[in-house]
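These protein sequence lines map, in sequence, to chains P and L. Mind the numbering: the first sequence is residues 1 to 274 in the numbering used here, read in order. Mind the numbering: the second sequence is residues 275 to 1022 in the numbering used here, read in order.
None of these hints come from the bench; they were simulated from the model. Where hints are given, some of them may not hold.
To be verified - One-sided excerpt, in silico: chain L residues whose CB lies under 10 Å from chain P:
1) E603
2) G617
3) V627
4) Q637
5) M728
6) L729
7) K789
8) H814
Claimed, not checked - Footprint (simulated), chain P over chain L, 3 or more residues, beta carbon under 8 Å:
9) 604-616
10) 815-822
Unchecked claim - Cβ pair distances, simulated, as ranges:
11) P:D42 to L:R526: 47 to 53 Å
12) L:A670 to P:G228: 35 to 41 Å
13) P:T37 to L:G673: 32 to 38 Å
14) P:Q128 to L:R526: 46 to 52 Å
All C-beta atoms in this analysis are idealised placements derived from N, C-alpha and C, irrespective of residue type, glycine included.
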Amino acid sequence: MGSRVRQIRQQLGLASAVALCALLSSTVSGSTGSGFTTSPPDPEFRLMRLRYSGNYMDYRGGAWTTDSPAAEYHLSQGIRRLTRIDTIDPEAIPADQLVFQMDPLDPEMFNHPFLYAVEVGRWDLDEQEAARIRDYLDRGGFMMVDDFHGDVQWEGFWQSAQRIFPDRMWREIAPDSEVFHVLFDLSQKVRDKVQIPGSAALMRGGTCEECDRGGAEPHWRGVFADDGRLMMVINFNMDLGDSWELADQPDYPQPLTALGYRFGISYALYAMTH
Amino acid sequence: MLQFLLGASTWALRSGQLALARGWPLWLLWALLLAGVAAIVFTLARRQLGWWRSAVLGLLQMAFLALLLLLLWRPVLRVEQIRERQNAVAVLVDDSGSMNTADTPQAPVRRALAVAALQEKAMGEIAAHSDVRVFRFSDHATPVDSLKDLPGSQQSTRIGDALNTVMQLAASVPLAAVVLVSDGADTTGSLDEPELARLAAAGIPVHTVGVGPEQPQNDLEVTQFQLPSSAMAGSTVRATVSIRFQNQKTGRVRLYDAGRLIAAQDVQFTGPAGLATVTLDFPAGEAGVRDLRAAVDPAPGETRLGNNERHAVMEVDGRRRTVLYIEGEPRWEYKFIRRAIEGDRRLRIASAVRATPNRYYRQGLLNGNELENGFPATMEELFGYDAVILGSIEAAALGNEQQQWLKDFVDRRGGSLLMLAGRDGLGDGGWGRVAIAPLLPAKLPGGPERSYGMLKTHARLTPYGRESVVGRLAADDAANDKAWEGLPPLTDYQDPGPLRPGAIVLLEAVTADGKAAPLLVTQRYGRGSTWLLATASTWHWQMQLPVADQRQETFWKQLLYTLAAPAPPRISLQPERSVYEDGTAVTLEAEVLDEGFKAVPDAQLKITASAPDGTTVPARIEPSGRGDGRYTVALDAREPGLYEVRLGATAAGKTLGEATTHVRRLDGVLEQFGSWQHRPMLERIARETGGRYWTLDDLAGLPEAIRYSHAGMVESHTLDLWNAPVGFLLLALLKGGEWLLRRRWRRL
Chain P
1 MGSRVRQIRQ QLGLASAVAL CALLSSTVSG STGSGFTTSP PDPEFRLMRL
51 RYSGNYMDYR GGAWTTDSPA AEYHLSQGIR RLTRIDTIDP EAIPADQLVF
101 QMDPLDPEMF NHPFLYAVEV GRWDLDEQEA ARIRDYLDRG GFMMVDDFHG
151 DVQWEGFWQS AQRIFPDRMW REIAPDSEVF HVLFDLSQKV RDKVQIPGSA
201 ALMRGGTCEE CDRGGAEPHW RGVFADDGRL MMVINFNMDL GDSWELADQP
251 DYPQPLTALG YRFGISYALY AMTH
Chain L
275 MLQFLLGAST WALRSGQLAL ARGWPLWLLW ALLLAGVAAI VFTLARRQLG
325 WWRSAVLGLL QMAFLALLLL LLWRPVLRVE QIRERQNAVA VLVDDSGSMN
375 TADTPQAPVR RALAVAALQE KAMGEIAAHS DVRVFRFSDH ATPVDSLKDL
425 PGSQQSTRIG DALNTVMQLA ASVPLAAVVL VSDGADTTGS LDEPELARLA
475 AAGIPVHTVG VGPEQPQNDL EVTQFQLPSS AMAGSTVRAT VSIRFQNQKT
525 GRVRLYDAGR LIAAQDVQFT GPAGLATVTL DFPAGEAGVR DLRAAVDPAP
575 GETRLGNNER HAVMEVDGRR RTVLYIEGEP RWEYKFIRRA IEGDRRLRIA
625 SAVRATPNRY YRQGLLNGNE LENGFPATME ELFGYDAVIL GSIEAAALGN
675 EQQQWLKDFV DRRGGSLLML AGRDGLGDGG WGRVAIAPLL PAKLPGGPER
725 SYGMLKTHAR LTPYGRESVV GRLAADDAAN DKAWEGLPPL TDYQDPGPLR
775 PGAIVLLEAV TADGKAAPLL VTQRYGRGST WLLATASTWH WQMQLPVADQ
825 RQETFWKQLL YTLAAPAPPR ISLQPERSVY EDGTAVTLEA EVLDEGFKAV
875 PDAQLKITAS APDGTTVPAR IEPSGRGDGR YTVALDAREP GLYEVRLGAT
925 AAGKTLGEAT THVRRLDGVL EQFGSWQHRP MLERIARETG GRYWTLDDLA
975 GLPEAIRYSH AGMVESHTLD LWNAPVGFLL LALLKGGEWL LRRRWRRL
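All chains should be built: construct the whole structure from the sequences, respecting the hints.
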């Protein structure tokens, strides 16, 4: 009987000691963790297509979707392979989620500071949309426009772009500008005016579209903030989207698709560091 | 009256010894008393009075018998009295600044009140029996001819030193007592415990006479004015001002730099009296010295204005601080942190972001060699930075040696380390298992479970955050709270793990259902500090708010300034305090370190100290002797004003660097503060030395108290007490009482 009582006493003593230690430990250490439940991290970078208004509709549904989803598929793989930028894994998400589109009036746009607008030669932004994009860029967003050719499309582009930048003017980006050095040295390609063609030009055996109407020579133009930050990169007379989309096509020249990747990655990296 | 009844003065009774002078044996007294008691008991027992009536009558009879026997044995009082006209009495009158102010607008100054009371109530009688020596004292005691010769000074009060000086009189004349007339405010700490023990050992009673109100009346006093001794140019500095108040409701505190108003803040006083603390944020401005003064506006009718302000000196360091930011992956937080301080002339972020698995993209560099491999090549290069930010980069990206450098950077160099949340940040990056883990304010989780993920939370200030410059987005508290409440949500969170005991949480992440967890945490470690920010989505504050809204920029600027500003330079010169009030001995400490922040114990130092008038003041330099690169610099700053002290350090013919600091000397300041009567101190002096505390209204007994002093030349007296009226009166009362009771009980 006596030994049983001793045993119970010992057990009680041990339990008390453990409880005391636990209490002291929580008192001394303070918080024992947040207790929050989080979901897996979203990709840091997404190629967000601007679903602008005013452009024609074609059989694909909208000009802003040009080259999708193959462009997204290939570019995101290229970004993942060549950089440490965290972006979507196209193999891991459903195909219909590859393309990420955004209306300019959607406040969600401000959660993704990289904006891609394609075939902007015929876009027609209204004042409200233009103001929203201006705000987006002023706060630190970055915009890449692509795949428009010749003087007529330039005029169409700049007409709306002027609504975004009523008090700014575009200018040629100097070949030695930082955006061409952020990862790859692209300045010589810019100097040499290496044109990244669209598939239509390639089918005609050249690299330019609207060749005799101002589309022969590629231009890397930009609109800059007051502090010199490049806010909008304008790929005029070239088609980076096709170079990404057609990366797995044997008839698209490999050096040009590689160059298209390099420009795209450089823009992304510039946007994420400036 | 009392003296008539007792047959001796109260001071004689208090200081003398009682004795029985008849010479009859004491046992006889006890025997007679016992016999008497027995007879009383026997007699009363035979009467049928009832027990309680018998007890009352018995007690009265026994008391009568005991008193009668006591008087027959002739009680006397043996006292010592000072010899007439053969002793000196020192009267020590406080003539310091606090005694030369009036407590109400129309009243005479305290010194005048004290002199009048002494002359009217005590001096004449003391002088009739003793040789009175009058002294005035403030920071030292000086003999004067009479109480009229008190000019009034603004100097500090050194009660201990003054008493010591006067006690030395005892070596040449018989000193019967010291009378100390003061408000008891020893402003220099000269009356410490050893000094009190020495005074008590001298055996001379010190009678203290308290002057002035025991509580401050309608007097606002700036009790403390605190701010960092140095600040970074362009930063925001927080000053803390404490004010003692009585019955006032509101006040206004103003901050001046060399006479120019730079900040002001209203303060509410709650309760009838107490201390209120107000914080003022002000811009440190350009490099140089800030000669600051914090002043509270006078209350209506306030007369004592000298304590409404305090001074401080702050060095503004013009060194451009550099923050090293290592980021493991391109991400938006990186971009927006850089943008927040873009164009800042006083802060540079040198950053390296790992753009590809083996290439770092570098920004904010001074030259092409900086961070060539994504991290400083040497410890000395790392120590050239003032703070380090580690982003989403795994610990394994750095070698063991670099990990150790980081530890030394915080511990020895005194830099700050901020770690950000991220896929490879904090615990998920394995930072909980490397050399710097013990330095961090939380025990980072190290299990297989990922601690970083997406979660919508709001940032909320903790009480510590409210007190910190980091948490200051708006000038006043209410607007500041509102500014934080209005921030867009954060989108990610990383569990920092259990906090360490010394950790301070400045910001919390709060979920929609009200759960809160640490967001920005810091702790001191060694000479530096470590910080954890459990998010990497503050960039949403910039993208979600209008361009003109500067809250994201302000938060990061203030955080980076707070990180970088405290990093000490290699050559430093720190005064013991920036303002010397009523004291001329200025002490500074110099520290000399090499590029690796290791002590240089054999440096040659050159000190140049300039007085306010431009003349050079000699300075003494002494190494600490511990080989820690520290040196003590001492100078005698006699003239009030702003002193500049420059230090140049060389070792083995090589210039190590230089440092400059400033100190302000002020006179007549201490007496303005804490100037109410410190009665407990005066009572303690009296108690320890065998004297008594007196008020000005109660001085009539002082001469008698001095007459019965044990010190000086004394003579013994025996005072008869048997014939004191009080004895006979008591006998009559006892018998009368018994007679009345018997009559009432019809037992006569």
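Each hint, compared with the structure:
Below 10 Å, beta-carbon pairs count as interface contacts, and E603 (chain L) has one with chain P at about 4 Å; its hint therefore holds. Taken as an interface hint, G617 (chain L) checks out: its beta carbon lies about 7 Å from the nearest beta carbon of chain P, inside 10 Å. At about 6 Å, the closest approach between the beta carbon of V627 (chain L) and any beta carbon in chain P falls short of 10 Å, and the interface hint on this residue holds. For the restraint placing Q637 (chain L) at the interface with chain P, the shortest Cβ-Cβ distance is roughly 7 Å, inside the 10 Å limit, so the hint holds.
Of the supplied interface hints, the one on M728 (chain L) holds, with its beta-carbon coming within about 5 Å of a beta-carbon of chain P, less than 10 Å. Among the interface hints, the one on L729 (chain L) holds; its C-beta lies about 4 Å from the nearest C-beta in chain P, closer than the 10 Å criterion. Of the supplied interface hints, the one on K789 (chain L) holds, with its beta-carbon coming within about 6 Å of a beta-carbon of chain P, less than 10 Å. Interface restraint check for H814 (chain L): the shortest CB-CB distance to chain P comes to about 7 Å, inside 10 Å, so the restraint holds.
Remark: the stretch 604-616 of chain L is confirmed as covered by chain P, as 9 of its residues place a Cβ nearer than 8 Å to a Cβ of that chain, reaching the required three. Check result for the stretch 815-822 of chain L against chain P: holds, 6 residues qualifying (beta carbon to beta carbon below 8 Å, three or more required). Range check, D42 (chain P) to R526 (chain L): about 50 Å between beta-carbon atoms, so the 47 to 53 Å window is met. Between A670 (chain L) and G228 (chain P) the beta carbons are some 37 Å apart, a value that agrees with the proposed interval 35 to 41 Å.
For the pair T37 (chain P) and G673 (chain L), the supplied restraint of 32 to 38 Å holds, since their beta-carbon distance comes to about 36 Å. For Q128 (chain P) and R526 (chain L), the Cβ-Cβ distance of about 48 Å falls inside the hinted range of 46 to 52 Å, so the restraint holds.
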